[in-house]
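Q: Sequence:
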Amino acid sequence: MDYKKLWIEGAVYPAMALLQKNQVAARTRQLLNGEAVPWEDRKLALRQRLSELLYLCKTQVAAYSDMPFTDLDIRREPLDCLQAVDPILLRDFFEEADHHLSRLANPEKLLACRFLQAEQERTLYLTQPQLEQYEAARWRGLSWFGVTFGSPSVRLWDRPRPSFLLQEEPYLKNRLSLSVCAMTERSVAPTVEEIDRFRPEYLSGSASALMSLASHMRQTGIRMKTPLKVVTITLGAANAAQRREMEAAFGCPVSQNLGERSEGVVAYMCPEGRLHVMAENCYVELLDPKTWLPVPPGKVGLVAVTDLVGETMPHLRVILDYTARWSETPCPCGRTMPVLEELAAVAPAE
1 MDYKKLWIEG AVYPAMALLQ KNQVAARTRQ LLNGEAVPWE DRKLALRQRL SELLYLCKTQ
61 VAAYSDMPFT DLDIRREPLD CLQAVDPILL RDFFEEADHH LSRLANPEKL LACRFLQAEQ
121 ERTLYLTQPQ LEQYEAARWR GLSWFGVTFG SPSVRLWDRP RPSFLLQEEP YLKNRLSLSV
181 CAMTERSVAP TVEEIDRFRP EYLSGSASAL MSLASHMRQT GIRMKTPLKV VTITLGAANA
241 AQRREMEAAF GCPVSQNLGE RSEGVVAYMC PEGRLHVMAE NCYVELLDPK TWLPVPPGKV
301 GLVAVTDLVG ETMPHLRVIL DYTARWSETP CPCGRTMPVL EELAAVAPAE
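According to the numbering used here, the stretch in the sequence shown is residues 1 to 350, in order.
Incorrect hints may appear among the rest.
Computed cross-link-like contacts, DSBU-like style, restricted to lysine-lysine with a CA-CA straight-line distance of at most 30 Å [said to hold, decoys possible]:
1) Lys290 / Lys58
2) Lys21 / Lys109
3) Lys58 / Lys43
4) Lys21 / Lys4
5) Lys225 / Lys4
6) Lys21 / Lys173
7) Lys58 / Lys109
8) Lys21 / Lys5
9) Lys225 / Lys173
10) Lys299 / Lys43
11) Lys5 / Lys229
12) Lys290 / Lys43
13) Lys4 / Lys173
14) Lys5 / Lys173
15) Lys229 / Lys4
16) Lys173 / Lys109
17) Lys5 / Lys225
18) Lys229 / Lys173
No lab work stands behind these hints: they were computed from the structure.
Could you build the full structure based on these sequences and the hints that come with them?
A: Written out as structure tokens, the structure is:
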């Protein structure tokens with residue numbers, strides 16, 4: 001019996017909700033309950049949220065103060081106004097981070113979240129509700145595979161862990177972190193044994209880290225004794241053949257996750273193998289890499305994300321290092337969020 005899981009789910013999360021007003025669990029339930037919302041209702045909600053966000057950016061964020069449209073334009077055609085905003089590379093967004101900080105942000109209520117992006121340590125300032133909404137999107141995707149808040153997990157790194165992550169895992173994460181950056185046929189057995197001792201319900205990590213472990217397990221014939229519910233790719237992208245190889249090695253479904261720490265989870269793959277956009281949290285466009293215009297249906301484009309949640313450091317049309325195309329068929333799972341296909345990681349745009 002996993003007593004830490006019982007403690008997290010039976011004591012920690014209820015206490016956070018009661019004493020700290022933490023709403024991760026409630027927000028997760030809300031997202032799950034809204035998965036079959038009709039597309040027309042989603043479009044109405046998107047227009048309203050974009051209007052609010054564009055007005056905030058125009059009046060309170062230096063980076064967007066010269067947007068070429070009026071308040072009336074924003075109310076009437078928020079989607080057209082958004083497409084008048086120049087896309088920005090993720091790297092450039094962080095280099096100009098001070099200009100994206102809202103004048104309404106209360107420094108006393110900001111949370112500094114540090115993470116790696118393009119081999120550099122970055123800092124993103126969030127509010128507690130924003131962080132909760134990002135976490136809720138992640139738990140929603142994991143819940144599709146039977147994972148719950150206290151489920152034990154192993155996180156695999158394809159590099160030595162950054163110094164700012166060397167502290168013990170937070171008490172509310174039932175997680176073990178391992179680096180597989182120097183994996184060899186000799187080290188694969190001890191790594192798998194350590195994973196089995198922890199008895200995780202799921203693994204997470206970059207595509208390269210998970211693929212490295214899966215390949216070494218296949219080459220050595222080593223199998224895990226612990227049954228896994230899912231393996232989730234949190235960075236990079238694996239094609240269908242690579243996912244099948246990982247599924248054979250780990251004996252469970254492999255779910256592709258699209259997301260940057262600056263936007264939270266952008267999309268999550270359901271058990272049907274379809275990559276659903278977290279439409280309540282973000283608006284995704286696929287852009288031509290030369291013109292920055294939206295690509296026609298069925299064409300591959302660069303993934304650009306507008307965060308609908310963040311008001312502290314708003315970012316509009318941030319280009320991620322991925323390409324994809326829109327699916328033209330609904331998902332059999334019944335979820336009405338948009339579906340991306342042919343996701344691929346690409347070199348950072350210049």
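Q: Hinted pair, alpha-carbon criterion (30 Å max): Lys58, Lys43. Please report holds or violated.
A: 22 Å, holds
Q: Quick one, are Lys5 and Lys225 close enough, alpha carbons at most 30 Å?
A: 20 Å, holds
Q: Holds or violated: Lys5 with Lys173, Cα cutoff 30 Å?
A: 9 Å, holds
Q: With a cut-off of 30 Å on the C-alpha distance, tell me whether Lys229 and Lys4 pass.
A: Roughly 18 Å between the alpha carbons, so the hint for Lys229 and Lys4 holds.
Q: With the threshold set at 30 Å, check whether the alpha-carbon distance from Lys21 to Lys5 stays at or below it.
A: 21 Å, holds
Q: Lys5 and Lys229 were given as a pair; does the straight-line alpha-carbon distance stay at or below 30 Å?
A: 15 Å, holds
Q: Hinted pair, alpha-carbon criterion (30 Å max): Lys290, Lys58. Please report holds or violated.
A: Holds, at about 26 Å.
Q: Just to be careful, I want the Cα atoms of Lys21 and Lys4 compared with a cutoff of 30 Å; is the pair within it?
A: Given pair Lys21, Lys4 holds - Cα atoms ~22 Å apart, limit 30 Å.
Q: Keeping to a limit of 30 Å between CA atoms, is the pair of Lys299 and Lys43 held or broken?
A: Roughly 22 Å separates the two Cα atoms, so the pair holds.
Q: Can you confirm whether the C-alpha distance between Lys21 and Lys109 stays at or below 30 Å?
A: 14 Å, holds
Q: Check the hint pairing Lys4 with Lys173 against an upper bound of 30 Å on the C-alpha distance.
A: The given pair, whose Cα atoms are some 9 Å apart, holds under the 30 Å limit.
Q: Is Lys173 close enough to Lys109, meaning Cα to Cα at most 30 Å?
A: 23 Å, holds
No hint from the list above goes unmet by this structure.
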